[in-house]
Structures are given as structure tokens and as C-alpha cells.
Amino acid sequence: MKIVRLIRGRFIQIAATLAASMTFTMAGLGVAWTAPIIPKLLAADSPIPMTADESSWMVAMLSVGCVIWVIPLAYFTNVLGRKTILLFTAVPCIIAWLTIIFTVSVEALYVARFLFGVEVITAFVITPIYLTEISEVKIRGVLSSVIQLSYNIGALFEYCMGPYVSYKILGISSAVFPIAFFLFMVWMPESPYFLLMKSRDGDAERSLMALRGKTESQHIQEELTAMRNVVDSLKMRGIPIRDLFSKRANRRALILILSLVMLQQFCGQLAIVSYTTQIMKRSGSSLDADVSVIISGGIQTIASVAMSSLVDRVGRKPLLLSSTIGVGVATLGLAVYFCLDERTDIDLSPVDWIPITCLVLYVSLFSLALGVLPFIVMGEIFLPNVKGLAASVALMVHAIGGTIVTKIFQIMTDDIGADSPFWLFSAYCFTSALFIVWYLPETKGKTFAEIHQEFNKNSYP
2 MKIVRLIRGR FIQIAATLAA SMTFTMAGLG VAWTAPIIPK LLAADSPIPM
52 TADESSWMVA MLSVGCVIWV IPLAYFTNVL GRKTILLFTA VPCIIAWLTI
102 IFTVSVEALY VARFLFGVEV ITAFVITPIY LTEISEVKIR GVLSSVIQLS
152 YNIGALFEYC MGPYVSYKIL GISSAVFPIA FFLFMVWMPE SPYFLLMKSR
202 DGDAERSLMA LRGKTESQHI QEELTAMRNV VDSLKMRGIP IRDLFSKRAN
252 RRALILILSL VMLQQFCGQL AIVSYTTQIM KRSGSSLDAD VSVIISGGIQ
302 TIASVAMSSL VDRVGRKPLL LSSTIGVGVA TLGLAVYFCL DERTDIDLSP
352 VDWIPITCLV LYVSLFSLAL GVLPFIVMGE IFLPNVKGLA ASVALMVHAI
402 GGTIVTKIFQ IMTDDIGADS PFWLFSAYCF TSALFIVWYL PETKGKTFAE
452 IHQEFNKNSY P
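Counting in this note's numbering, the sequence shown runs from 2 upward without gaps.
Mixed in with the good hints, there may be bad ones.
[As the list claims (entries may be wrong)] Below are the DMTMM-like pairs computed for lysine to aspartate or glutamate, each with C-alpha atoms no more than 25 Å apart in a straight line:
| # | residue 1 | residue 2 |
| --- | --- | --- |
| 1 | K447 | E137 |
| 2 | K139 | D233 |
| 3 | K282 | E443 |
| 4 | K169 | D353 |
| 5 | K169 | D289 |
| 6 | K139 | D420 |
| 7 | K41 | D289 |
| 8 | K199 | D289 |
| 9 | K139 | E455 |
| 10 | K199 | E224 |
| 11 | K41 | E443 |
| 12 | K445 | E134 |
| 13 | K169 | D46 |
| 14 | K282 | D54 |
| 15 | K408 | D420 |
In short, the hints are calculated from the structure, not lab data. Please read all numbers here as calculations on a predicted model, not as lab measurements.
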């Protein structure tokens, strides 16, 4: 009955959420593709022979694409519109998969990963903005949390297919997703906030009526008026870049979101997703590495479903704090196991279940909150005129952090030991947990204006 009540009158709103969230499915495909493919590329019968160093650069090129594309993306966000930019994500994604299918060189794979980075950063910046702007306040968290589930579905597809099909078949099957996304998303409405920012009031009214399932405009006038008041107040302000850094509330919000996206990277997520199969093979576990990866991916997907039901009940802060501490414990467990395995003569065969247990704990707790809540919070704490710029700045830092983490993971593992990066990830998580307790406000059930007022208070840290 709860599901029926949720859907009633919200069909377009939910359909738009599912369509836009497919950009995260495409991101999951692109990011996780390396997990089953790197062992094939490093093997003696590799379709495209490469060294371990070249494979680490191939992984890192995704983050390079993010860093470079995020600069023009900041401009296009408030010029072209949320929907138009989301539709664009299909283009680099399709080109990347075609490159993978037909390439015979390592350099071409670098280009493909760079293009995945363009899609990933666009999805991470624009999709949360679009979802928070089309969603009703009381279900905003539930709808926005769908992006984590979508990401995990994409990753799980690669984990399940990658070990058992050829290199080219994996590329061909993955290329279907961006095509399906484009055909689905093209029918969805534009964000009413963006339309009001462009003084297209009639289009904004029609968009909001469709999203709320109303056939008469008087049923959405109160909400439309509130949106218009927010947008009109923004038009009286300065240019977005000046507003972002000169206004106290925006500065505080930026500090918060930069800290959260750095936590996402320095808890090791991108490195662990990219090298999951390699990690399990190095652990010496008796369980097949490919099976271990599929198990962890399946549990990660289930955890993201649980997160969708909790985000508007429990709240953002308790979930994010629990997730961060849990991820810290999981990486600490991996650090201790690899330390004992490589630096002592202790026989760990009786406890070779520890790596897969820690990996499952890691991916499930990361999906519970840390994987998506920073993006939901990012869509909530900035007003529409600076939202695109703030998200672009945050995701540039996010991408730079990802480049650093994916590169140093391979270097630290090879030169220092498999335990070394996990000590780093664990320490960063526990330190960040203290920051969350001190600095993160609760945004559950609050409007954009109410959240902005919270950051303006003198009592705020």
C-alpha cells in the first residue's frame, strides 16, 4: 500500500528519476569495467597487452577526464539546462564503448577511459541537481537515493558478465545502456527551477504540473510561487562565482561538500572498485576471486535498496556517520589481514574468509550512505544560482582525489605492501567521522531556503 501511495499522482516524477538515474548506471559500467578486464589485459593471452603501470594509468584516466571536463560543465549547467546536459552524457559513453570494442592499442583505451570520465562527472554533477529540483520535499531523499542503486546495478553487470564473456562481447553489451538511456530520457520534463531561471514561466508551470500529476494549474500554484520567489531572489544577487565565495552560507556549504567528496575518494572507493578482482587474488582466499567480486557487488546493490528506505526516515547525518565508521572498520580489517599475511609467517588459511567479509562490509556500508548522500546533500545545500558551479568545484576536487587515490593505490601496493593503502583509507574515515559529527547539519525534510538559513546562523560551526 505504501508503494501504491508513493506512485499515485507521481508517475512522471518517478519516471524522470529512473531515466536520469540511468546516467549513474552508465557511470557504474564505466568505473567497474576495469575490475574484470584488467586481469585479462595483464594475462599472457591479452587482447591488448599492457603492463601493470599502464593499467594503473588506464584506471586513472577516468579521473583525468573528470577534472578537465568539469570546467566547461560549470558553464553549461545554467546555460543549456539539466535535461539537455543529461542527454549529452550518452554521446561520450557510446563513443567510449565503441573505442573499446574496436581498439587494438593501450592509448585508445586511455581515450575511452577519459570519455568515461566525461560521462561520470556530468552524471555526478547534474543528476543530483535535476533530481532534487524535480522532487517533492517529503520524498526527495528517497528519489535521489535511486542513483546509488543505479550505479551499483551498472557495476554488478560488469562483475557478472566480465569474467565469463569475451572482451568485445562485454563492450557490445555495455553499449546498449547509453542508447536505452537516451531513448528514455528524451521524453522527460526539464527542471522547473531551470525554466524559471530562464524566465520561461509557462514551460515551468507545465513541467511542474506533469511532475506532480496535476491537470489544472491551480493545484501547483503554491509550490510554483515558492520556486519563483527563490529564483527571483537569486536574480537580485551577483554573478554565481562571486556569490559562491562571498556569501557566508555558500562558503560554509562549500567547505562541507568538499570535505564529503574528499572522504568519498580517500576512503578508497574508486581504487577498490577498480581493483576488486586483483585485491581478492592477492588475498589468497580459497574463494574464487571472480565469485567474490560478484557476491560483493550483489550485496552492494541490496544495501543501496535498504538505503533508499532509510534516508528519509533516519536522516542524512546518522546514516552518513554510521557508513563512514563502518567503512573505516572494514578497511582497517583489510589492512590488518594483509599486514599479517605479507609481513609475518602466521598461517592465515583458517581465516581466509576475512578479506571477502571485509570487502562485503565495505561495499554494503559505503552503499548505505557514503556512496550517494554527499551528492544528495550537495543538491540540497546550495541555492539554484550557484548549485551548478558549486557542484562543479566539488566534483573537480573529487576527480583530483580519485586520480591520486587510484594511482597511489597501485604504487603503494607494489612498493610498500598490500596493507599500506588500507591503513591510509581507514585513518581518513575515522578522522572524517569526527568532522561529520561537528559540521554536518541535518537536511531531511527541509526546503532549500530553510537549509540555506541554517548555514547563515551565527551559531553554525
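Results for each hint:
1. Of the supplied pair hints, the one linking K447 and E137 holds, its CA atoms being roughly 11 Å apart against a limit of 25 Å.
2. At roughly 24 Å between alpha-carbon atoms, K139 and D233 fall within 25 Å of each other, so this suggested pair holds.
3. Using a Cα cut-off of 25 Å, the hinted pair K282 and E443 is violated, with the two alpha carbons roughly 41 Å apart.
4. Simply put, K169 and D353 have alpha-carbon atoms about 34 Å apart, too far for the 25 Å limit, and the pair is violated.
5. Taken as a hint, the K169 and D289 pair is honoured in the structure, with Cα atoms around 23 Å apart against an allowance of 25 Å.
6. Distance check on the hinted pair: K139 and D420 sit about 43 Å apart at the alpha-carbon level, beyond 25 Å; violated.
7. The straight-line distance between the Cα atoms of K41 and D289 is roughly 15 Å, inside the 25 Å bound, and the hint therefore holds.
8. Restraint check: the Cα-Cα separation between K199 and D289 comes to about 55 Å, which exceeds 25 Å; the hinted pair is violated.
9. With a CA separation close to 19 Å, the supplied pair K139 and E455 stays within the 25 Å bound.
10. For the hint pairing K199 with E224, the CA-to-CA distance comes to about 18 Å; that is within 25 Å, so the pair holds.
11. For the hint linking K41 to E443, the alpha-carbon distance of about 45 Å lies beyond 25 Å, and the restraint is violated.
12. A C-alpha spacing of about 15 Å is found between K445 and E134, which places the hinted pair at or below 25 Å, so the restraint holds.
13. For a cut-off of 25 Å, the pair hint linking K169 to D46 stands: about 15 Å separates their Cα positions.
14. Of the supplied pair hints, the one linking K282 and D54 holds, its CA atoms being roughly 18 Å apart against a limit of 25 Å.
15. Distance check on the hinted pair: K408 and D420 sit about 16 Å apart at the alpha-carbon level, within 25 Å; holds.
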